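Student: One letter stands for each residue in the lines below.
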Amino acid sequence: MLRRRDSCRSREKTRGRPFFFPSGITKRVFSGKTVTGLFATFSIFFVFLIFIFVFTQSIPVFTNIGVTNFILNHKWLPTAHPPSFGIAPMILGSLLVTSLALAVSVPLALFGAIYISEIASSKVRDLLKTTVEVLSAIPSVVYGFFGLVVLVPFIQRFFGLPTGQTALTAGLVLAFMILPTMLSIIEDSLRAVPNEYREASFALGATKWETIKNAVIPAASSGIVGGVLLGLGRAIGETIAVMMLSGGAAVIPTSIFSPVRTMPATIAIEMGEVSFGSLHYSALFGIGLVLFAITFAVNFIANWIISRKVRRVAR
Amino acid sequence: MKVTTVVVASVALGIVLVTVFLVGIRTNEVGENGSNIQPRSINIAGSTTVLPITQLAAERWMNAHPYDTINVSGGGSGVGITSLIEGRCDIATSSRRAKNIENERAGGRLVEHKIALDALAVIVHPSNPVNSLTLEQIKKIYTGEIRNWSEVGGPNLTIAVYTRETTSGTYESFHELVMRGENMSSSVLTTMSSGEMRQIVSTNPNAIGYVGISYISGVKALAVNGVLPTKQNILNGTYPISRALYMYTIGEPSGLAKEFIEFVKGPEGQRIVEEKGFVSLT
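In order, the protein sequences belong to chains E and S. Numbering of the first sequence is given in the numbering used here, commencing with residue 513 and proceeding in unit increments. Numbering of the second sequence is given in the numbering used here, commencing with residue 291 and proceeding in unit increments.
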């Protein structure tokens, strides 16, 4: 410690004055505050630019066919004569796949995190955490290919369906894709609960399970919601694996066994060869904008829930 | 201090990279202008179906002839022929024969060069007992009128109908040659590539799909109207889901345009044709 600080100071002394700037200017220009401020402004600016770009590119489709027609019409025939741009099947398809994924992954992530953080011994905990983190590093196309070769034929035979490419298949694979992220965030937030809470609960005579249920989970609730939301965000935006597994039929899903087409999959499938500047091109950006709006709304609602909860706890 | 170092280092690295990039471009230009060989360039526009062939052929040509530039763009057969007539390109590619009215507008001077054949195979799982369908039956399967294999002499299974994404050239050919203006049912399933189509049909006994005929290993290609998609049947024109691909020029081509069309029709160009999933002329 001491030696490091010494060497630091000596480096500072011998650095001397830069030869091309008058004294003080470099210091002011490159001070931590300015640099971070600058970069923060830039990043926000770029996000804003992306939004503006997507918005301007999608204007033609909204002016030509109308916002409500675009969102509520159930026929997506972009190259037919006359074309029809209705994304209702895709919105419903995205929501169905995402909710299936969450229905499977949230309980798994929650109980997994509780086990790793509260019950497992430190050796087991390290092993499990590393394994889970390795899982999150697998590229989604690998999940998609695995699903296509193994899970799709299995689901088709097991349920006797015309095709194994269903909302269920996509949702299942998606669940395992978002599981690692959710699990590690929930586990981190459970571990961040101060030990005093647990000790206080034990002192009141609570058992281990009661402590977890009544003290640890409520205290970590904002982190848990955050983890679930991150998983939801990833699930709704996931493209490649879903595209390979969901069948890509733009129909309004009637059950978890119907093939679906999600919003990001549509963009990815059709972006390649759509002619630049056409109405179809604009419609794809329109889908992006709707996706943007949905994610934004979900985040907004979640923040509202968290802030209400925090206020209640504080009170 | 550390942040400062990182920032300075990354800015410096950025400047170095940009400089290298600009210098790289610079030297290239000097090299081209400094030589005695006259740089030549042509523009090609038209069918997106032909686009993969022209693009790869242009790349190969430019690799072998660094002073030639061939600009390739899509837009569709009609767009290509229109811009040829208006003098905005030197060669138009087309997935159909030029219409009479187009030739009239060009003063009767359009010259046709057949460069390849395009055929689609309708494919099913190898275990499927159905061996042949008529064009009408295939169309009804894709519009959703026929939903069970038993209606066309197969087992009692719901048909899983697969199509390509609507922007693909393969889709366009199929839509034109089989659907003839009718829309597919929206419950038709979508795949992203011919490879994926083959993978899915080869594992799903219910499935039907279509691919370029270079993709029919591992699946069963059906006879259409009783004719199998063999190379011979495609060449003699009896297989119904096939068509020729063309290049058009105004008058007999000369210079680079002539050399390039000869290259595409020659052995190396025809290898590219096969590589991209089309049928070569020989």
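Rather than coming from a laboratory, the hints here were simulated on the basis of the structure. For clarity, every value in this text was computed on a predicted model and none was experimentally measured. Where a beta carbon is used, it is the ideal one built from N, C-alpha and C, also for glycine. Just to be clear, a hint being listed does not mean it is correct.
Each computed DSSO-like pair below joins lysine-lysine, with the alpha-carbon atoms no more than 30 Å apart [stated by the list, open to error]:
id	chain 1	residue 1	chain 2	residue 2
1	S	Lys-389	S	Lys-510
2	E	Lys-587	S	Lys-429
3	S	Lys-548	E	Lys-587
4	S	Lys-555	S	Lys-429
5	S	Lys-389	S	Lys-404
6	S	Lys-430	S	Lys-548
Partial list, derived from the structure: chain S residues whose beta carbon lies under 10 Å from chain E [stated by the list, open to error]:
id	residue
7	Ser-331
8	Asn-333
9	Asp-358
10	Pro-419
11	Val-420
12	Ser-422
13	Glu-426
14	Gln-427
15	Pro-445
16	Tyr-452
17	Thr-457
18	Met-474
19	Val-478
20	Gln-489
21	Ile-490
22	Pro-495
Calculated from the model, a selection of chain S residues having no Cβ within reach of chain E, i.e. all distances over 12 Å [to be verified]:
id	residue
23	Met-352
24	Asn-390
25	Glu-392
26	Gly-398
27	Thr-448
28	Ser-475
29	Ala-497
Student: None of the hints should be skipped; say for each whether it holds.
Tutor: Each hint tested on the structure:
1. Lys-389/S - Lys-510/S: With Cα atoms ~36 Å apart, Lys-389/S and Lys-510/S exceed 30 Å; violated.
2. Lys-587/E - Lys-429/S: 20 Å, holds
3. Lys-548/S - Lys-587/E: Distance ~46 Å between Lys-548/S and Lys-587/E Cα, so the pair is violated.
4. Lys-555/S - Lys-429/S: 34 Å, violated
5. Lys-389/S - Lys-404/S: 15 Å, holds
6. Lys-430/S - Lys-548/S: Roughly 44 Å separates the two Cα atoms, so the pair is violated.
7. Ser-331: Constraint on Ser-331/S not satisfied, violated at 22 Å.
8. Asn-333: 17 Å, violated
9. Asp-358: 26 Å, violated
10. Pro-419: 17 Å, violated
11. Val-420: 15 Å, violated
12. Ser-422: 22 Å, violated
13. Glu-426: With a closest approach of 20 Å, the Glu-426/S hint is violated.
14. Gln-427: With a closest approach of 18 Å, the Gln-427/S hint is violated.
15. Pro-445: 12 Å, violated
16. Tyr-452: Because about 8 Å separates Tyr-452/S from the closest Cβ in chain E, which is inside the 10 Å limit, the hint holds.
17. Thr-457: 4 Å, holds
18. Met-474: 8 Å, holds
19. Val-478: At 6 Å from the nearest chain E Cβ, Val-478/S passes the 10 Å test, so the hint holds.
20. Gln-489: Holds: closest Cβ of chain E sits about 7 Å from Gln-489/S, inside 10 Å.
21. Ile-490: 8 Å, holds
22. Pro-495: 9 Å, holds
23. Met-352: Given a closest Cβ separation of 23 Å, the condition holds.
24. Asn-390: Since the minimum Cβ distance to chain E is about 22 Å, Asn-390/S lies beyond 12 Å and the statement holds.
25. Glu-392: 20 Å, holds
26. Gly-398: Holds, because the least Cβ-Cβ distance between Gly-398/S and chain E comes to about 30 Å, which exceeds 12 Å.
27. Thr-448: 4 Å, violated
28. Ser-475: 9 Å, violated
29. Ala-497: 7 Å, violated
Of the hints listed earlier, those the structure fails to meet are numbers 1, 3, 4, 6, 7, 8, 9, 10, 11, 12, 13, 14, 15, 27, 28, 29, in rising order.
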